[in-house]
Every structure is written in C-alpha cells, then in structure tokens.
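Per the working numbering, residue 1 is the first one in the sequence shown, and the count goes up by one each step.
Among the hints, erroneous ones may be present.
What the hints assert, rightly or not - EDC-like mimics (lysine to aspartate or glutamate), calculated; alpha carbons at most 16 Å apart, straight line:
no.	residue 1	residue 2
1	Lys-118	Glu-147
2	Lys-88	Asp-244
3	Lys-210	Glu-190
4	Lys-207	Glu-190
5	Lys-118	Asp-149
6	Lys-69	Asp-84
7	Lys-281	Glu-296
8	Lys-18	Glu-50
9	Lys-161	Glu-190
10	Lys-207	Glu-232
11	Lys-161	Glu-219
12	Lys-204	Glu-183
13	Lys-60	Glu-9
14	Lys-60	Glu-92
15	Lys-118	Glu-164
16	Lys-281	Asp-244
17	Lys-210	Glu-147
18	Lys-204	Asp-89
19	Lys-218	Glu-183
20	Lys-281	Glu-232
21	Lys-161	Asp-244
22	Lys-281	Glu-269
23	Lys-204	Glu-292
The hints are simulated quantities; they were obtained by calculation from the structure and are not laboratory data.
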Amino acid sequence: LGVEARINEWTKANILFKAEDIGKYEDDGSLTNTSNAARSDNDEKPFIDEAFVTIFNPAKCPFYAILGKRAQPFGQLFTHTISDPVTKDAYEISTTGATVGYAPADFFGLDASLTVYKGEKVMGQLRDNIIGPTNLANPGRNSSHAETDDVSSYIASLSAKPVEALTIGVAFDSEPGDNNRNETLNLFAEFSMADVTVDAEYFKATKREKLADNMAYKENAWVLGVAYQIMERLELALRYENFDNDRSVAAGGDFDHTIVFGANYDLFENVTLMGEYRNLKEKAAAGSTYEESVNEFNLRVAVGF
C-alpha cells in the first residue's frame, strides 16, 4: 500500500507499506509443505518499505533533494514481468539516504545526482541473494572484517534523453570494504517507439575487496528485455538475464542465466492479470555433469487504486 501526499508546491511525501510471505507459514511457524525452517517474529507483518520526502519544483528551480528510505538511484532494474531481474537481487540499494540532484526542464531530460548513505549493502546482497553461503567454492568475506555503519557510501548518477524515444544513463556506486572499497559501474538504455520497448542494463564490479581466499572477484551482470503492446489491453514481454561471478572454476549451483516470458492483460481499469514462465539455468561444477534447470509458472492479479 503506497501513499503520496503533496505538502506544498515544493514538497511531497511518500510512504509504502508492504507485507510479505503471507500464507507461507502454518500456525506452528513451520513453512507450508515443509518441515524445517521456522517463522521469525517479523514474517507476514506489514512493514515500512519506503518513506521519503522530495523537495523539487522544476518550474522554479532545477535543483532537487530527496531524503529518506527508498531504493536509491543505482540501476533502473527494468521489468515488464512478475519477477524482478537478477540485477535487482544483486544491486538494488534499498536504504536510508540523502540525494541532491540537478534536472533542468526541457534540456534533453538531463538528471544528474549525488547520493550518500550508510553501510555496506552490495557485498551482503551478492552473498545472500546470488553467490550463496560460504563454502569451499565460495570463501566469503574475511571473518576479521567488521562492517562499517558510517556515512561513507555514495552513488553518482547521470541520465539523459538525447532523442525523444531513447533514454541512456550511467551510475557509479562506491562502498567501504575490507582494506579496499567495493565499487560498481552501471550502464543502461531504454528505447521506446510505437508499441515496442527495448531495454538493456549492465553492471560491472570495477573494484572489490579480497575475500578469505585472498582473491578479489569482479563479477558482472547484464539484462536485455523487450516488451510489445500487442493490443490495447495485452502486453507481451521477453527478458534474458546473465550473471558471471568471475570465478575461474564453476561450482555446482552457480547462477548462469534466466529467460523470462510474460503476458499482462488489463481485465478492467486498474486491474491487470499477469502471467509468466521463468527458466533458470545453474552452472555445473568442473568435472561434473550437474546442470540444474528450474522452471516456474507465476500468476498475479495487480490492482491499482
């Protein structure tokens, strides 16, 4: 549930409440259809996902400020399907931060900004969501490293529309790490003409701390998607995702690529039926014939009001 309130001609406030894993657990706290894994106290409870204030009046001043908790401006994370791309799990920086920017009216859609925030977000997300738990194939971060909670992380972002149908941009994220900063580059583009939209996004680690095996791995990920509004009420979408963890020897279960096909149909005004097929491929370990392929079918009804 999201709420937007206009305070005055310069200021608006946004707040977004979310509740996840509803119906996932039995009354005894165990997972539905699963006997191991207990529910935490926070599962299924609504929580504040975003809460921020925007100060901006483009008709009077090209400068703006955004303060609070939100997905900070690193990556576009394009999607026309139910599921989010792998880049969202790896690189979305959802935290409290402060952004100052410059977006002059009627000047090629230019938007330049600088954001500061606390902590080390990207390395933790790569470990938790993409690379997986520490093991022989994934040495993990050095146990002696204590994560900082200082305001020493920043994002520099720039985007523009050189022509009406095309948006391009670049962003750079830098966070403290273990004896070295962890830095990531983001490039993106979106082209829309008639009923077709094509979007592409690329993330590349430019600097990484050394892990417990004394190696620094500079992963990269890219996503390419296309959406076609085949008729007024029906949109079809196709997306390809690729992630490379920069390891010279693959481990069984390493993410390889995903293909997603989706369809969105407007049943009524503000009511959309969404469906998708998702195929995920994992890499095989060296000398192994293991190759995992996961097939998913997802359905969602989206209601706006």
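Determine which of the earlier numbered hints do not hold for this structure and return their numbers in increasing order. Violated hints (numbers, rising): 3, 4, 6, 10, 11, 14, 15, 20, 21, 22 and 23; every other hint is consistent with the structure.
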